[in-house]
Amino acid sequence: MTELEQIGKKMPYTLPEGSLEAIERKVLEDRRPAARHWWGWALAGTFAALALVLAVRGTFFKADRYEDLIAAFESLDDDDQQFILECGDFEDF
Amino acid sequence: MQDRDEQILDALRLDQSRGMALLMESYAEPVYWHVRRLLVGHEDTQDAVQETFIRIYRAIGTFRQESRLSTWVYRIATNEALRLLRKRRDDIPLDGSGIFEKEADFWTDWSDKDAIRLQKAILSLPRKQQLAFNLRWYDEMDYEAIARICGGSAKSAKANYHIAKEKIIKYIKEND
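Residue numbers (this note's numbering), protein chains in the order written: chain Z, 1 to 93; chain Y, 1001 to 1176.
Note that these hints are calculated values from the structure, not bench results. Please note that a few of the clues may not be correct.
When the alpha-carbon atoms are kept at most 25 angstroms apart in a straight line, the in silico PhoX-like pairs for lysine-lysine are as follows [stated by the list, open to error]: (1) Y:Lys1165 with Z:Lys9; (2) Y:Lys1102 with Y:Lys1113; (3) Y:Lys1087 with Z:Lys9; (4) Z:Lys9 with Y:Lys1173.
Quick caveat, the model's predicted, so the values are computed rather than measured.
Pulled out of the complex, with its shape left as it was, chain Z reads as follows (with noise of 0.2 angstroms):
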């Protein structure tokens, strides 16, 4: 048997108590989408509103697929495109 297979998988590190709670926590809190205000629940009103006169006239919904994913990922910030580009193909690191 080697050194290696005596060590085996054992490592030198702890891990503290109640850190993986922690992490889960802020992911699900960073997730949860923010409460609305009342002029959020305008806006949205309005919008929809605006949304259906424009779609009765045919003019909002293009099947325009490729532009509106262009136009998608343009509103995204730097990192979340970063993240597309990296995870979109297999980069070798």
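Fit chain Y to the given chain Z structure using the hints.
What follows is chain Y alone, placed relative to chain Z:
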């Protein structure tokens, strides 16, 4: 794990928060140790793991099941750890022992000399060999999965693992 992944994906489809909680229940600990072996210090690891799951949460809708959930999660975690290492590169010595001495913190067990020697040996390896060794030795992944996480082919993952293992055995012997 495959069945568990199916459960997680089903839960994510029905309720993203609940699905994410299940995903973290399954993966937070193995991902933590994977990242810790690369970064050494607890606090950096905690930050990287947190960022990993935030990125997963943002992108979970884009997961198309072309790869296993586990390899996708590990790939994101690995990228996050490597991003931190790239940021650090300027102010640490390249030698693996130096990295360990510099980054080891309060949550390091200095009494376990053998385990320290093994980590120093791993940290002295080129990054691809380090990753191939860690994912095979500690996480017991197959070469196909390692290739998906690190890039390259299953054959090169296998070669990297065996070269790494030989170098580690030599390092341990020489630093007895």
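- Message: Can you confirm whether the C-alpha distance between Lys1102 (chain Y) and Lys1113 (chain Y) stays at or below 25 angstroms?
- Response: It holds: about 17 angstroms lies between the C-alpha atoms, which stays within 25 angstroms.
- Given pair status - Lys9 (chain Z), Lys1165 (chain Y), alpha carbons within 25 angstroms: holds (13 angstroms)
- For the pair supplied as a hint, Lys9 (chain Z) and Lys1173 (chain Y), is the alpha-carbon distance within the 25 angstroms limit? Given that 25 angstroms is the threshold and the Cα spacing comes to 17 angstroms, the pair holds.
- Query: Is Lys1087 (chain Y) close enough to Lys9 (chain Z), meaning Cα to Cα at most 25 angstroms?
  - Reply: Cα-Cα ~28 angstroms, so violated.
Checked against the numbered hints above, the structure violates only hint 3.
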